[in-house]
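With the hints as constraints, model all of the structure from the sequences given.
Letter by letter, the chains look like this.
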Amino acid sequence: MLENTETVTRPKARASGETWRALAPAIAIALVGAAVIGIGPYVLDSYSLSVLTRSLLYAAVALTVDLLWGYMGILTFGQSAFFAAGAYAAGLIFSHVGFSPATAPLALVGGVVVALVLAGIVGWLAFWHGATNLYASVITLVLPIVCTQLIFSGGNFTGSSSGLSGFESFDLSMEAWFWLSGSFLTAITAMAWLLVNSDAGRVLVAIRENEQRCQYLGIDTPRVKTLIFLLCAVIGAIAGYIFAGYAMVVSPELAGFVFGTELVIWTALGGRATLIGPVLGTLLVDYESAQLSGDYPFVWKLIIGSAFVLVIVAFPRGLLPLVSGAASRIGRHVLPGGTGERAVSVPRLLALPVSDAQGTEAGSGPALKVSGVRKSFGSLTVLDGIDFRAHAGELVSLVGPNGAGKTTLMRCIADGTERTSGEVVVNGHDLGRATPERCVALGVGRKFQTANVFDTLTVAECLRLARSRHERPSLWRRRDVLHLPEASLHVVRVTGLASRLGEEARLLSHGLKQALELAMVLALEPRVVLLDEPTAGLTKAERTQIGSILTDIVRTRGLCVLLVEHDLGFVREISSRVIVLHQGRILLDGSVDDVVSSELVASVYTGAVNLEHTA
Amino acid sequence: MVAQFLDIITTAAFLYVVSSGLLLVFGVMKIINFAHGAMLTLGGYAALLCTKAGLNPWLGLPLAALIGGLAGILVERLAVRPLYARPLDAILATWGLGIVIGQLITLYFGRGVQFAEAPLTGTVNVLGESYSIYRLSVVAVAAALGGVLTLILRGTRLGLETRAVIMNEDLARGLGINSRLVRFLTFTLGSALAGIAGMLITPISSIDPNMGVPWLVNAFMLVLVSGHSLTTLVVSCLVLGGAQVLVSAYVNPILGGLTIAVLAAIILRIRPEGFARA
Amino acid sequence: MRRIPVLLASAAFLVGAVHIGHAADDIVIGVPVGLSGANSVVAPSVVQAAELAVDEVNAAGGVLGRKLRLEVADDGSGAAGAQKAYDALIFQKKVDALISMETSAARNAGLPIVSRGKVPFIYTSFYEGRSCNKYMYINAWVPDQQVAPMVDFFMKEKGAKTFFLIGSDYAFGRGMLEFTRAYVEKAGGKVLGEEYNPMDATDWTAVISKVRATNPDALLISTAGGAPNVTLTKQLRTAGITAHYGNLGLDEGTAKSMGADAQGTYLAGSYYTSLDTDANKKFLAAMKQKFGDKLETPNDLSAPEYEAVHAYAKALAKAGTTQTDKVIEALATVSVEGPRGTIIMNKQRHAPLTMYLGQVQPDGSVKIMSEFKNVDPGPQCPNLG
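Residue numbers (my numbering), protein chains in the order written: chain G, 1 to 615; chain U, 1001 to 1278; chain F, 2001 to 2385.
Bear in mind the hints are in silico, worked out from the structure with no lab data behind them.
Please note that the accuracy of each hint is not assured.
Straight-line distance between alpha carbons at most 27 angstroms, and here's what the computed DSSO-like set of lysine-lysine pairs gives [stated by the list, open to error]:
1) U:Lys1052 / F:Lys2290
2) F:Lys2288 / U:Lys1052
3) F:Lys2347 / F:Lys2326
Written as structure tokens, this is what we have:
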């Protein structure tokens, strides 16, 4: 359905083309969903109808697991808690206050608010700079346990182990509940589809693929994660609210860890990061559970457990991609959405108009001022009192033998949380303890030692991510145009990346990956660029090309570049100044000629000098 | 207050026994074994087998270790080793195998709740309070287990290699340590410990196919705040287990059940290394 | 997306293939029961009692010219499981009636589904009282019938003045103890503490600490039947608590499974295997004959189940149809001669019962200490006459 992969777009038709391309699959989902849901009550018996009404709501929650885990890489066991928040809000208010046209919306709002508060707390606990995915998962595991215990401790108010029942609710027919649940699921699925296939959706995948790179592109990943988590909490709460209205019983199991893990199982079986997979997985497994578990309770769970292990170990992408893959091999229509089959439209590259350039304004004084920077791991001191300044238009090379602390110094400049002590000022802004994304906002761009790009994203998507700080990615469509600042555009054009915009980054040569990362860093419009061995592993020709690009951007754009480099020949060709680092201290800071002619430096490189005696 | 003090000590002992196996696995493999709950359950059923066969309940200890260890070997081969590069998936796969083990138990033993004979019954007088002999004996067992584990880690070549892998697996491999073997043995040992723990908790719990699950989350949290050290785990068990006993006694037992998880989560947020030394 | 209907169709096919129905004209009785979870200790004996009753009715030629058949479903002893079990029994298996013992959590969760499915439901477990539904009858005791004998005994015979109440935190536990507290206080006793643990909790350390700290004369326990009873009793014993121990939720079979730990426990109920009546002896002999080695000890939950199946059969015969309204009407009038004596559910959907106070003996049997004839259930469902 996304066959529209043409690269040339007529400018006037562009806007409607973008809109149509984004909306078409979502509309298709909505139409198919509406048709299936509409027909349901006419072909299903009442038991299936009642079971499926529940399954449809569960599927909406499974969808949130897919958004968080499948797309963003946060394995969550706690979505049941949000479902329970919505359900219990209804149960509590309808039981203790009563059901009326006034209390019904109140309960919905209450459930959503409670879910948001819970998600906010979890977000604060689980998503912060430096928190691991495992840690976040464990926090989501604690959530349902805590919620269940809180329900237990509520005595007669929450009904404790009994839950609440016997409250009044909306007087709807079975069919109406089915339609309501189905429409809700369809709407959520269509919206989620829009989101994950939009430019913003690429941010989610980027966080899953390489969170560190995202942070160094200035993306506040804890914030993005928390926002999506909040959104998913709202979806869960609404689903829970509908469930309570329909079932007229709420019980502590709804909040439980077992339900939370079941959601993960359904998502994994259906196929993570496919949206449709988890929905179908939930509907099928939950429906079949209801049909079969009465007669074969143990064997059925055994089968599900075994299938789950098999899928995780052997088919991590789940069953939907397997099914649709097999289907496409025998020449049938392919479901859109398997991550591999993502149809790609290639945007047009445009130079960012100079008036729109939003790089941090040049402050007074040096572009980069490093004073007294220290870094130690326990008793081991890696950097010991580093002081230097660098100005706009300078290309400063950082050299020194292995273990001198070059990369550590880069890290200490680009991430305030890394420094043990000392101060880094960029354009007059003290970076303080700022996280990498804050440092980016203050004008620091960092390129890693080994090419660090998003393997499964296309070149164009990687570049757009680098621009996301300046140009907020659309939440529902793919833009046809990609604006890059001149420096970045220059790299893309000169290296030939421009003709490979639609290719996944993992397919690029090593040299092109390095170039892509450089272009991404430059797209941030930094004032200070930190480059850690940008030419490592490149051919001679590629190296020369990168060298001339660097000297060119330093000269014409007035950037300040700090470069870690081993190849002294290359350093001599491009540097305006050289700093020699040895055993965590600055040994020499001078012109290229000073350094090259220094006997001290020569002896450092041959290992004859111990700094303790010379300093 | 003597009774409360003893409650704290014995609760900490139970927690230590339940989480020490998990900690070993976490230290070496950097993953959390979600099948740990199922291994506890297997240990519980080992105790049940002893009761049914009319054997001395203490024989359940080696039997539980054996069954837990065997299950550990299976889980390691089927789920953990193939997923070395995908730690979150490895966690999920261990959870899946936990479900499979639980269902196999259910198929064989039935889903009902059963009970095993306690190895020790009755009370003993401690400073004027009569207190359960069994609970006190678990303190001794926990201390013995901790001692044996420390001896293994400090005193044997395998222990040395294990500690090397815990500190830096790549470096250890570079030094010629068979880290694969270390992982395998650790997982087996950790699972055997889980089996023992499952057997030991049967007198204060019931035996059913899900008996391990309630212990699981507390064990996770204790391991996360303890890092990789068995000594730190003792501290965590005493502090958090103590908090649980006090909250249960002075607030209410249900909130007491939450104490460990909530405190641990907050501790980790404020101090990511938990109780471990920085 | 075209695949959705295909998947649904194949799912439907799978289901159809699996459920090859039984004889279509059987009268089907649904038994949602806690085969797993807290009630799993007592549930098997309930199912056996129902099976015996069904066999007896069928052996006598069935009812309305049709055979009775059971459909058993596990409700996991809780609300969530009950929802699924009731849904499946009523809408998938299309049972004609439900007759079962369950936790109050499961019953409350199932009742809205019963109302939606409009089937007669006989609840056969003692419970906290005052649960009323147009389709429901109850033939077991409520607090009004049970608490008085035990509290009176402790206060008058044993001189107990202070009490500590412990329960599972759900409708039964709370309802029962609420009634008990009021009764104790009215009788001049003092309640030193009232503590609850979740239904599935197995660790009672904190509660026992409080008991130890307050040192009451007597303990009154109202946990979910089965597992919580056993764990609490065992832990009380290992903690060396020696107060008089009255258990409102303990049945005979569970007491037996605890061995020496249960010795001396006081029970109050409407049925014990040691009842010296012909009807009870006949019932026990028939159970023994039918199940042999597999027999689960009959108890205060299984005897009412047995009687309820017979009551339903009689009501069917009287109504001449399985039609719900008619059967509901008839259920209030039929009387059954069962192991517990003559049972008629004619008091606001509940039944007057003969109650007994018993004590567990070293061999696990229950010795009946005193008998209370035809205790009235009191006003339970005034609106359902």
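We went through each hint and held it up to the structure:
| no. | hint | verdict |
| --- | --- | --- |
| 1 | U:Lys1052 / F:Lys2290 | 25 angstroms, holds |
| 2 | F:Lys2288 / U:Lys1052 | 23 angstroms, holds |
| 3 | F:Lys2347 / F:Lys2326 | 18 angstroms, holds |
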